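S.K.: Spelled out from the first residue to the last, the chains are:
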Amino acid sequence: MRPPRNFYVKTFQREAGMLSRVAENLYWMSRYLERAEHTARLLDVELQLWLDQSPDVGAGRWRFLVDALQVSGVQGRLDPLHLAETLVFSRSNASSIVSCVSAARENLRHVREQCSSEMWEQLNKLYLQVIERRPEEGWILNSHELFRAVQEGAHLFQGITDATMSHGEGWQFIQLGRSVERTDTLAALMDTHFKRAAQPADQPVDSAEYLSWVGLLRGCAAFEAYCKVHTAEIRPLRVAEFLLLNPELPHSVRFSVDRMNAALHVIGDLTERREKMGARIAGRLRAKLSFSQIEEIMEAGVAAYLEEIRSECAEIHAAIHQTYFDYAIEAELAY
Amino acid sequence: MTATPTPIRSHVPPAFVNYQLDAAYDEMFASVGVPREHYRALQQTLQGLASEELRKIQQAADLTFLHEGITFTVYGNKEGTERIFPNDLLPRIIPASEWARVEKGLTQRLTALNLFLRDIYHEGRILSEGVVPRELIYSCKHFRREMRGLNVPRDIYVNICGTDLVRLPDGTFAVLEDNLRVPSGVSYMLANRKVLKRVFPTLFRDYGVWPIDHYPQALLATLRGLAPENCSYRNDPTIVLLTPGVSNSAYFEHTFLAQQMGIELVEGRDLLVHDNLVYMRTTAGLRRVDVIYRRVDDDFLDPLCFRTDSILGVPGLFNSYRAGNVTLSNAIGTGVADDKAVYAYVPQIIKYYLNEEPILPNVPTFLMHDDTHRQHALDNLEKMVVKAVGESGGYGMLIGPQSTAKQREEFRARLLADPRNYIAQPTLSLSCAPCLIDGQVESRHIDLRPYILMGEKVTLVPGGLTRVALRPGSLVVNSSQGGGSKDTWVLREGDRPGGPHIA
Numbered sequence: 003m004r005p006p007r008n009f010y011v012k013t014f015q016r017e018a019g020m021l022s023r024v025a026e027n028l029y030w031m032s033r034y035l036e037r038a039e040h041t042a043r044l045l046d047v048e049l050q051l052w053l054d055q056s057p058d059v060g061a062g063r064w065r066f067l068v069d070a071l072q073v074s075g076v077q078g079r080l081d082p083l084h085l086a087e088t089l090v091f092s093r094s095n096a097s098s099i100v101s102c103v104s105a106a107r108e109n110l111r112h113v114r115e116q117c118s119s120e121m122w123e124q125l126n127k128l129y130l131q132v133i134e135r136r137p138e139e140g141w142i143l144n145s146h147e148l149f150r151a152v153q154e155g156a157h158l159f160q161g162i163t164d165a166t167m168s169h170g171e172g173w174q175f176i177q178l179g180r181s182v183e184r185t186d187t188l189a190a191l192m193d194t195h196f197k198r199a200a201q202p203a204d205q206p207v208d209s210a211e212y213l214s215w216v217g218l219l220r221g222c223a224a225f226e227a228y229c230k231v232h233t234a235e236i237r238p239l240r241v242a243e244f245l246l247l248n249p250e251l252p253h254s255v256r257f258s259v260d261r262m263n264a265a266l267h268v269i270g271d272l273t274e275r276r277e278k279m280g281a282r283i284a285g286r287l288r289a290k291l292s293f294s295q296i297e298e299i300m301e302a303g304v305a306a307y308l309e310e311i312r313s314e315c316a317e318i319h320a321a322i323h324q325t326y327f328d329y330a331i332e333a334e335l336a337y
Numbered sequence: 046m047t048a049t050p051t052p053i054r055s056h057v058p059p060a061f062v063n064y065q066l067d068a069a070y071d072e073m074f075a076s077v078g079v080p081r082e083h084y085r086a087l088q089q090t091l092q093g094l095a096s097e098e099l100r101k102i103q104q105a106a107d108l109t110f111l112h113e114g115i116t117f118t119v120y121g122n123k124e125g126t127e128r129i130f131p132n133d134l135l136p137r138i139i140p141a142s143e144w145a146r147v148e149k150g151l152t153q154r155l156t157a158l159n160l161f162l163r164d165i166y167h168e169g170r171i172l173s174e175g176v177v178p179r180e181l182i183y184s185c186k187h188f189r190r191e192m193r194g195l196n197v198p199r200d201i202y203v204n205i206c207g208t209d210l211v212r213l214p215d216g217t218f219a220v221l222e223d224n225l226r227v228p229s230g231v232s233y234m235l236a237n238r239k240v241l242k243r244v245f246p247t248l249f250r251d252y253g254v255w256p257i258d259h260y261p262q263a264l265l266a267t268l269r270g271l272a273p274e275n276c277s278y279r280n281d282p283t284i285v286l287l288t289p290g291v292s293n294s295a296y297f298e299h300t301f302l303a304q305q306m307g308i309e310l311v312e313g314r315d316l317l318v319h320d321n322l323v324y325m326r327t328t329a330g331l332r333r334v335d336v337i338y339r340r341v342d343d344d345f346l347d348p349l350c351f352r353t354d355s356i357l358g359v360p361g362l363f364n365s366y367r368a369g370n371v372t373l374s375n376a377i378g379t380g381v382a383d384d385k386a387v388y389a390y391v392p393q394i395i396k397y398y399l400n401e402e403p404i405l406p407n408v409p410t411f412l413m414h415d416d417t418h419r420q421h422a423l424d425n426l427e428k429m430v431v432k433a434v435g436e437s438g439g440y441g442m443l444i445g446p447q448s449t450a451k452q453r454e455e456f457r458a459r460l461l462a463d464p465r466n467y468i469a470q471p472t473l474s475l476s477c478a479p480c481l482i483d484g485q486v487e488s489r490h491i492d493l494r495p496y497i498l499m500g501e502k503v504t505l506v507p508g509g510l511t512r513v514a515l516r517p518g519s520l521v522v523n524s525s526q527g528g529g530s531k532d533t534w535v536l537r538e539g540d541r542p543g544g545p546h547i548a
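Going line by line, the protein sequences match chains A and B. Going by our numbering, 335 is the number at position 333 of the first sequence; the sequence numbering is gapless. Going by our numbering, 436 is the number at position 391 of the second sequence; the sequence numbering is gapless.
By construction, these hints were calculated from the structure, which means they are not laboratory data. Note that this is a predicted model, so its numbers are computed, not measured. Any given hint could be a false lead.
Unchecked claim - Here are the simulated EDC-like pairs of lysine to aspartate or glutamate, each with C-alpha atoms no more than 16 Å apart in a straight line:
1. B/396 <-> B/174
2. A/290 <-> A/309
3. A/127 <-> B/174
4. A/127 <-> B/107
5. B/186 <-> B/436
6. B/242 <-> B/107
Full structure from sequences and hints, please.
M.R.: In structure tokens, the structure reads:
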């Protein structure tokens with residue numbers, strides 16, 4: 003069959019770039035949803051650990067959770083129930099699951115015409131599901147279902163996003179938001195964990211420590227993947243290497259930084275920006291993770307290494323903000 | 046309103062047990078138990094469904110609306126509450142012949158109103174000749190002096206119009222209100238249709254209903270036709286929809302239309318004006334904007350020109366508009382022609398410009414600045430509907446028969462203090478149509494808002510939004526006041542549904 007007559011006539015190409023406000027909303031929507039998923043996973047894991055542990059060990063774990071999730075304003079003795087409520091339901095805690103899912107939905111609501119209707123429906127459903135729950139008596143012991151629902155809801159949303167939204171610039175900003183958030187939360191979680199543990203050794207951990215290391219792996223959705231590579235024998239050094247430098251694990255720092263880098267490159271190309279500050283920093287970070295060896299990192303101290311990753315992550319965020327969301331008009335008009 | 050309701054007992058299925066006829070025109074029944082020809086197939090379908098089944102269908106439809114987030118926002122509390130727009134499942138059916146008249150009438154009316162707007166913002170012939178009193182126009186709060194002598198593309202001020210029609214007791218369609226500023230509701234029309242096609246597929250096909258799904262393309266074509274002469278790409282202008290933002294009551298509609306048309310949905314803060322050109326802020330830098338379908342009121346468009354406290358608008362937008370570098374649709378200042386006092390003059394306006402008799406009549410209207418009119422209205426306040434001239438959405442209204450003595454006193458005082466700001470109309474008994482209320486079919490008052498597009502050509506999608514006053518006996522159909530809506534079916538030909546499936 004011959005193509006129609008004007009088949010080869012050049013059609014109008016869409017101009018480069020999308021609305022800055024929209025890009026920002028998609029970026030933040032994705033960050034919030036990732037944060038909700040992360041919090042739900044950690045709580046889910048903690049809940050299981052909590053059931054296995056003696057009450058005083060349990061109290062220490064809650065303090066760990068507060069630090070790992072970077073919840074501010076929680077001081078003194080921790081009341082586990084109250085804390086769990088703060089992490090799940092509190093509206094005044096911007097990082098609680100309810101707050102994060104609401105903020106994700108609110109961000110998407112502002113740009114509804116940019117996403118597919120399936121995406122909106124899914125996020126809206128998740129939101130309705132989450133706000134319906136109330137902290138009733140004994141809720142914490144029955145909350146596994148809620149934590150599962152949040153994780154599954156977020157996964158479903160990602161799947162729907164991949165399957166129904168054009169993989170254009172908006173989609174890239176969603177990927178970018180997720181990987182920036184994931185890098186930061188993972189680094190914070192590992193930082194908190196390693197600060198508490200003795201210097202990670204290439205020795206199997208004893209049974210007292212075992213659960214908390216499994217908790218860390220599960221908190222990164224990495225336990226099964228770890229076992230496949232290293233068997234169920236937990237060696238802190240291997241765990242550190244696996245979570246930091248493994249290029250295949252979706253919840254490793256290196257994997258997240260790779261994704262961040264890829265998204266920044268595509269966005270840079272799509273928007274034809276000359277200035278690619280964010281991409282430069284992310285590239286440097288990527289190179290660092292690609293060519294680091296765990297022994298080296300240990301020598302300099304894993305805490306310092308994670309600290310560096312987190313500060314570069316913050317720099318990348320600031321660069322994205324300045325390049326794409328909130329640039330000075332004068333500079334643009336001068337072109 | 047006065048006749049005693051007659052319950053229908055015989056000849057009707059159980060679903061219709063509570064259906065009542067009163068003095069108002071009934072869309073479905075010509076008299077007790079006798080449906081009009083074009084409603085017969087619907088009645089047959091309903092007869093085949095149990096009350097429980099109807100309830101289930103309605104619940105499924107409600108869930109669709111909730112999950113798709115087809116909502117509107119109610120003002121009056123701090124945060125603005127999101128609610129589903131209630132949808133009634135029973136279609137309102139309009140025969141082809143009746144629609145043809147509506148179509149002609151609306152085209153005539155909008156053509157005349159556009160000529161009128163051009164005239165009052167230029168020579169003002171109609172004012173010099175005294176057909177419309179000069180002081181009425183100049184005292185209108187939606188009259189924009191800034192528009193004097195400014196030419197708009199194709200001389201069309203109102204490109205998008207939603208006119209409210211009601212039926213008089215004899216069944217004639219009459220115009221209740223012109224909405225010439227930023228009419229809303231068209232997305233609900235499309236959403237209703239989508240749901241109804243899912244719920245009653247066979248019935249829908251057999252009835253032979255005109256499609257309405259092309260509305261977004263028609264709107265886009267209309268906007269394209271308005272691109273300014275000097276725009277960046279004449280064949281491919283950049284068109285955007287300007288929304289006040291997510292807390293606006295019609296925000297769902299803004300997102301929906303932008304998505305359906307494939308244009309950017311922008312807020313004031315996304316736009317900026319430099320050197321009299323309008324740009325939007327994108328991730329790839331600034332991009333020139335040519336046509337703005339604005340859903341922001343005149344007052345808030347440009348803080349340098351109109352309300353200085355507006356944060357919804359774009360500083361400098363009006364100057365760019367004046368310079369012809371950007372098109373706003375609808376034009377600024379169209380509200381003067383849908384002022385409820387000017388409304389009373391529309392029949393004269395049609396005669397003046399077109400030398401034709403109006404095809405669609407007005408509803409009788411008493412002007413409060415006229416002494417005899419005012420006296421009559423004040424003497425009969427309990428039978429009247431009093432409206433503030435510049436308001437819309439059912440705000441600022443007194444419905445005489447349903448008011449308390451205190452409310453009437455309050456309005457009497459307001460009327461006397463500022464007569465120009467009010468009109469009165471005899472309370473109209475809007476026509477009634479069957480609605481599905483909790484598994485039963487009951488009668489509720491409805492109106493009709495068809496949407497007219499006027500650019501290079503005139504487009505009317507057949508039908509429009511039928512709004513329903515869901516409270517029993519209520520005459521207020523506005524969504525903000527407990528109204529809902531239903532799908533409107535305009536039949537392709539004849540008054541009777543054809544097709545092989547109906548005997």
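S.K.: All hints are to be evaluated individually against the structure, with a verdict given for each.
M.R.: How the hints compare with the structure:
1. Using a Cα cut-off of 16 Å, the hinted pair residue 396 of chain B and residue 174 of chain B holds, with the two alpha carbons roughly 13 Å apart.
2. Between residue 290 of chain A and residue 309 of chain A, the direct Cα distance comes to roughly 14 Å. Compliance with the 16 Å bound is thereby established for this hinted pair.
3. Restraint check for residue 127 of chain A and residue 174 of chain B: the C-alpha separation of about 61 Å exceeds 16 Å, so the hint is violated.
4. The suggested pairing of residue 127 of chain A with residue 107 of chain B holds, with an alpha-carbon distance near 14 Å, which does not exceed 16 Å.
5. For the proposed pair residue 186 of chain B and residue 436 of chain B, the alpha carbon gap of about 11 Å is at most 16 Å, so the pair holds.
6. Between residue 242 of chain B and residue 107 of chain B the alpha-carbon distance is near 15 Å, which keeps this suggested pair within the 16 Å criterion.
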